[in-house]
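*Asks:* For reference, the chains in residue letters:
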Amino acid sequence: MAKQQPAESWSNGKSVFRHGDVPFRIGTVVLASCVVALVLAMGVIMFVSSGEARTAFGWDVLFGQDWNPVATDMAQPAFGAWPAVRGTLLSSLVAIVIAAPLALGIGIFLAELCPPKLSTPLSFLVELLAAIPSVIYGVWGVFVFVPFFNQVFSTPVSDALGDYIPWLAGPVATGRGVMVTGIVMSIMILPTIASLTRDVLRLVPNTQREAMLAIGATRWETIWLAVVPYSRAGIIGAVMLGLGRALGETMAATLLIGNSQRISPSLFAPATTAASLVANELTNSVSTLHESALITVAFALFGITLVLNLGARLLIWYVDRGMAGGRS
Amino acid sequence: MNTPKNYRWRKFVDQVMRGSTVFATGCAVIPLIAIIGYVLTLGASALSVQFFTDVYQPPNMAQAAADGSTPAFDPNDPFAGIGVPTDGTAPADGTAPVADVYAGGPVGGVLHGIIGTLIITGMGLLFALPIGIFAGIYLSEYRNERYATIVRFCCDVLSGSPSIVAGVVIYILVVIRSHEFSAIAGSLALMILMIPIVTRTTEEMLKLVPESMREAARGLGAPTWYSTFTVIIPAALPGIVTGVMLAFARGAGETAPLILTVLGSNVISTNLFAPMASLPLLAYRYTESPYPGENTLAWGAAFVLMMLVLVMNILVRVATRRRAGASR
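Residue numbers (the numbering used here), protein chains in the order written: chain V, 214 to 541; chain F, 38 to 365.
Take these hints with a grain of salt, some might be off.
In silico SDA-like pairs for lysine to any residue, Cα to Cα no more than 20 Å straight-line [said to hold, decoys possible]: (1) Lys48(F) x Lys330(V); (2) Lys42(F) x Leu426(V); (3) Lys48(F) x Glu423(V); (4) Lys48(F) x Ile428(V); (5) Lys48(F) x Glu434(V); (6) Lys244(F) x Thr368(V); (7) Lys42(F) x Ser57(F); (8) Lys330(V) x Ala254(F); (9) Lys330(V) x Lys244(F).
Derived by calculation from the structure, the hints in this document are not laboratory data.
Looking at chain V on its own, in the form it has when it is part of the complex (with noise of 0.2 Å):
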């Protein structure tokens, strides 16, 4: 930027004013300002809104069992979102142990060892994995992928362990389930990590291949310890940008999760999610109370993402900067 500096000297003069640039640069930066407010509004509309259930029962909102919005002669009306905060979990987690790995070897792959004909088209197939809608891997999912994984997998696998190991336990009824939910969000997180893997590591200089190639590693050992280690920080950033994406992922989830808050230790049977249970009870919401828990529990997701965000772009910044130092 060294090259701007004259001109910029020279537009700080007097006369910028009536040439309209105070007003231009006025606009922008209102208009940009407006993306700033946005975030901040939505933390507090929500933070505002989720008070009622959170005087009324604190940490319970999010860790409490039960989840009664209705109030019977047997019990008051309670919100223990626990069962969607468990499901939102290890779907998120089955989602994140399938897909991290794999996105860490197609990084690789494009980024290393594709030939570059081959690179552009797979980079573009991958990243349409990306742009396709979240409905659609659900409907996807609902009609194709539970029935042919139920035949293939769950059922054959509960039958032979189920009663050795409980969270492999059947019966597996409808197919739908924390793992079926989980396999496909690690579909749909794949491209965000393998991307932005491939990314990082094409920002690796030349010289941490050419040196460990001189004294005579394999490719393989090339890519492992001299260009894996040194972009960790960004990969590891990328992984958090992909779980970021499964636990605020809404429509694959509430398709095929099943929808039950019972809380079952087995993979294979019905759970909830967060981001499914605002998007079913909300709009049928029977008090302001369950009106407000519901809201507690998207402020809380909402949350979450804005920390992974956070940390996800301080390590990727601090990758981009520390390489782009040693490249020079």
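For chain V, the structure is supplied; the task is to place chain F on it using the hints.
*Replies:* Chain F in isolation, oriented as in the chain V frame:
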């Protein structure tokens, strides 16, 4: 030549690991092909003239009208169906058999959804454009300011936060206060989701404009705002337009926020202050439907959404490639 002792082992590891990255890439490409393949084949078979020109038909009535059977329940004559067998066999009195709603016959079309999606997404884009484009201009033309980093981060937060959160915020702000689900609320929710896409693509596209063009404009004495509007934006216009199209495609596929704001409808409605149908909502509801005919409509809706995404992405690809070639 003196080969090291473990050379063969290292060579073997190298081959295996390089092969596994290819395998990982295959794992990403297979579901992509499966999803696109299923949606394109099953979706295309759901398409008909009626699909695009008809609105919701109760499966019961549609089936009865198609094969001349008696509707199981006629809203105009609610007591007609009593005592009639519902398993498709002809009743004893010689009248036509009851419509078999599980036969997967015709159930109308999704014209109301197409119109609704165009209106809701179009309005959302209209709201998002001024903020997105000017924020993009700010990020590109004043890119080194500290405030730009904050705006950029807020953009990342918006694009990283779950889409259901946008729905919850608009639900609190608009739906609860106006006591009505409305198309305009859906547009506002989509606006929140589209702003970061428009902003970031505008920024990226403006950054692609060579610095020499800015310097040339400045050298002729043009103030920043004048050169931005007459030189830089026209040079980046194809890229910005494709970014806007991408935002439209993303918005058109969003479902979760629409559940909380637009609710859906079974008729063609153009009233912005009333519930409206939308294509992804129909895909979601029809997937959950017990009627095979409506499940077919869900595939059709998924097909239309998928084509929108595919066409937009390919157009963007072509446009950006031409740009990258031209700037060289």
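*Asks:* All hints are to be evaluated individually against the structure, with a verdict given for each.
*Replies:* Here's how the hints hold up against the structure:
Note on Lys48(F) and Lys330(V): the hinted pairing is violated, with a Cα-Cα distance of about 26 Å set against a maximum of 20 Å. Taking the CA atoms of Lys42(F) and Leu426(V), the gap is about 18 Å. The hint holds against a cut of 20 Å. Our distance criterion of 20 Å between C-alpha atoms is met by Lys48(F) and Glu423(V), whose separation comes to about 18 Å. In summary, the hint linking Lys48(F) to Ile428(V) is supported, as the alpha carbons are separated by about 15 Å, within the 20 Å threshold.
Restraint check: the Cα-Cα separation between Lys48(F) and Glu434(V) comes to about 10 Å, which is no more than 20 Å; the hinted pair holds. Only pairs whose Cα atoms come within 20 Å are accepted, and Lys244(F) paired with Thr368(V) is rejected, the gap being roughly 54 Å. Restraint check: the Cα-Cα separation between Lys42(F) and Ser57(F) comes to about 25 Å, which exceeds 20 Å; the hinted pair is violated. As the CA atoms of Lys330(V) and Ala254(F) are separated by approximately 38 Å, the hinted pair breaks the 20 Å bound.
At most 20 Å may separate the alpha-carbon atoms for a hinted pair to count; Lys330(V) and Lys244(F) exceed this at roughly 26 Å.
The structure fails to meet hints 1, 6, 7, 8, 9 from the earlier list, while all remaining hints are met.
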